[in-house]
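A.B. asks: As a plain string of letters, each chain reads:
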Amino acid sequence: MAIVINGTEYPLPDDPRVSLLDLLREQLQLTGTKLGCNQGGCGACTVIVDGARVLSCLTLAVQADGREVRTIEGMVAADGGLHPLQQAFIEHDGFQCGYCTPGQICSAIAMVAEYRRGDPSYVTADLAEGPKGTTRQEIRERMSGNLCRCGAHNGIVDAIEELLAGEAP
Amino acid sequence: MRSFDYHCATNPAEALSIAGAAPARYLGGGTNLVDLMRQNIEAPAALVDVSRLPAVIEETPNGGLLIGAAVRNNVVAAHPSVRTRYPVLSRALLAGASAQIRNMATVGGNILQRTRCAYFYDAAGSHCNKREPGSGCDAIGGFNRYHAIFGASEHCIATHPSDMCVALAALDAVVHVKGPGGERDVPLLDLHRLPGDRPDIETVLQPGELITGVALSPSAAAAHSAYRKVRDRSSYAFALISVAAGLEVVDGRIADIRIALGGVAAKPWRALRAEEMLLGTDPAKERFLAALDAELAAAKTFDGNAFKVELAKRTVAAVLCELAGVNP
Amino acid sequence: MSVRITIDGEGHATVASAAHEMGMGTTTVQRQHSADRLGLPLESVTVKIGDTSLPFGSFAGGSSQTASLGAAINAASVKLAGELLRMAGNDTPLAGLRANELEFADAGLRKIGDASRHESFKSILKRAARNEISVTGESGTPLEMLKFSIHSRSAIFCELRVSDVTGEIRIDRLVGSFDCGRILNPKTAASQFRGGMIMGLGMALTEETLLDERSGRIMSASITDYHVPVHLDVPDIDVLWTDIPDPRTPMGARGIGEIGVTGVAAAVANAAFNATGRRVRELPLTPDKFLLD
Ligand SMILES: Cc1cc2nc3c(=O)[nH]c(=O)nc-3n(C[C@H](O)[C@H](O)[C@H](O)COP(=O)(O)OP(=O)(O)OC[C@H]3O[C@@H](n4cnc5c(N)ncnc54)[C@H](O)[C@@H]3O)c2cc1C
Ligand code: FES
Ligand code: FES
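So the sequences go chain by chain: A, B and C.
Counting in this note's numbering, the first sequence runs from 174 upward without gaps.
Counting in this note's numbering, the second sequence runs from 178 upward without gaps.
Counting in this note's numbering, the third sequence runs from 18 upward without gaps.
Derived by calculation from the structure, the hints in this document are not laboratory data.
Just to be clear, a hint being listed does not mean it is correct.
Said to hold, decoys possible - The calculated PhoX-like cross-link candidates involving lysine-lysine, where the alpha carbons are at most 25 Å apart (straight line), are:
(1) C/K65 - C/K128
(2) B/K477 - C/K306
(3) C/K65 - B/K490
(4) B/K490 - B/K462
(5) C/K128 - C/K204
(6) C/K96 - C/K128
(7) C/K96 - B/K462
(8) C/K65 - C/K204
(9) C/K143 - C/K128
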């Protein structure tokens, strides 16, 4: 039983009660991922498992057996510097205290892939057709699972809009 | 969280046999069960992970769809056949929770998720007959803004919180179940129980029974359907009320109509009386409102949720007007 | 509030206080302020906060931390100039000047407005054979605060829609105009204003503490039940400000931390009244209160 985190393989905990979040933070000292509510209500603990954004607080670590996990520690640009979205967060002041930021960034990176794939959201007018262009309302609805108590929402949406406007990888 | 044994099943037979050997609970995405275990509201001795059972959406011989129980909510919502032939289901799923939770949540788990009544959740300080049979119901006489107006009892007024199930109720979905005693089909409308004097027993499923899939039949009303959810926050919030509806109009007359309400009962509520009154008539707002008045006459409200009657009436009428293309 | 300024042999300044940062931009703003004040480039200033072993700092609250920390830095810098002058002795271009004739410039001290009478921190410390110089300055409640009532002001504008079916409110636009004295850093200030206004939106629309009086239990105690605004609740928010320095406050700045919150709920309720003719005075403005006849 093993799990790959940011390209490195780790053994899984023996105790099935350990959440993926606790494995990351308490056992592997990967403290970039944050614990907000521990009950699925805030999105601070968002990580990407096999390409899909999920909540690490409600994922039992054993359930991630054999899967590939990407956390904020793994979000780096090709040259080893900041990921373009991290850079955009800085430019648009997409955070104040920064507590929700790792979750916002992981969530947004996976969200951009969903968007480009043409997945609909609750605010997509025509479900069969999928989202048309990129609107701020679409970004907002899709990012609504990540709370921000400081109120950095405008900057976060600006940063994601910039990422969406860029070239698809 | 109490300790438990964890097993991961690769096929339904294996899941059933492990679950048969120990008193176990099935685990889907864990978005509800893990939370409840952490709150010590549930404490199963063993978990059988069924989230890795084959998760496929297949065409059925009658032209419908069979959706595997392990398929994740977002996968159902984004599936092209669901979006075109069952838009109400896609929209209902997209109305629920958040993208992260929908990526985790399975169809089976969504059906069996438990109420979000705050008194049910408050194990440390509130009475709840669902959590602790016989202890009383603090929602009665307490905060009951989110609570039931149909089918409640003096023992429990909680609602079933699922959005997906409201759409499934409107679609006459059939739930496929495998148990120690064999396989059976349960119409979704019959799966959840009203509380009566045993609010802790929430469905007709027997211990150890596994949901394997949900079958949808094709229909014109299913293809011409919509979902609307009313909530306190614009997203990432449970419904105050929600409406799933489908409509088929032939030669100016309603040939098929489906109306289901969420947030009003311990199960998705099919508005059969209103449907019956509207079938065969020509669609008009006044008629919709009159049919809903008849349906909602049976509602029993509390201090906090009396507004739901008016809200449900208007929201259903608005959705039907939109589907019928008549003046709202 | 106390601040210690230390300048080392390389001319680098460390500004330390047991103040704290919750995202308001305390570190950024005080670093900029100190660099300005001490005539240093930004790279030559380090701000240390968030540790109780540092000189006493008061709490971040009452929209007062930035201003009182700034005042303590000013007090410490006045002391620093005096001590550096003493340390410089007679063998310096500064010889013969009094402390009140000095200003900080070009990583050192000079006669006010006279670049020819300048000596760098580095050179003063070197001649005195010192590795560093350290002074502590304090700020109390400024005398002005006792004499005058000094407050920030704002005007909030809101554009919204109310559903005539469900009573749900959606905010389309929010504008805040602020009079808070001098704005020290436009980027962090704009974020503070917007953040405050979003808290105001929560107060207006969704946030509510439910106390069950029978049991004393709070029934909206979790983040799932207590609704703070989500992305979809938050429109584009414009903020503008007067930027008129307040002659009676240190740095000309007044508090900006809480002013963003205060007017929003009233603006939203007024806009909803304007849209519907219904005057609702109880927050939050949930859909049931706007089920219109
Ligand atoms: C913050 C938050 C907000 C939410 N908001 C919404 C919302 O707005 N609308 C909404 O509809 N839902 C909402 N949800 C609930 C969410 O949809 C459910 O938690 C989810 O659908 C449950 O699916 P799961 O696979 O994670 O189930 P689990 O948590 O894994 O399981 C739930 C139950 O189902 C049983 N089970 C699972 N699979 C099977 C099977 N195949 N056969 C038999 N039994 C099975 C388990 O034993 C357990 O009792 C929200 C949840 C959270 C945490
Ligand atoms: S910590 Fe996981 S959702 Fe809040
Ligand atoms: S930046 Fe503080 S919570 Fe988002």
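A.B. asks: Please go over all the hints and tell whether each is borne out by the structure.
C.D. replies: Against the structure, the hints come out as follows:
Restraint check: the Cα-Cα separation between C/K65 and C/K128 comes to about 30 Å, which exceeds 25 Å; the hinted pair is violated. Taking the CA atoms of B/K477 and C/K306, the gap is about 20 Å. The hint holds against a cut of 25 Å. As the CA atoms of C/K65 and B/K490 are separated by approximately 60 Å, the hinted pair breaks the 25 Å bound. Between B/K490 and B/K462 the alpha-carbon distance is near 11 Å, which keeps this suggested pair within the 25 Å criterion.
Between C/K128 and C/K204, the direct Cα distance comes to roughly 34 Å. Violation of the 25 Å bound is thereby established for this hinted pair. Our distance criterion of 25 Å between C-alpha atoms is met by C/K96 and C/K128, whose separation comes to about 16 Å. Restraint check for C/K96 and B/K462: the C-alpha separation of about 79 Å exceeds 25 Å, so the hint is violated. Among the hinted pairs, C/K65 with C/K204 is consistent with the structure: their alpha-carbon atoms are about 21 Å apart, no more than 25 Å.
Distance restraint check for C/K143 and C/K128: the Cα-Cα separation of roughly 20 Å lies within the 25 Å cut-off, and the hinted pair is therefore satisfied.
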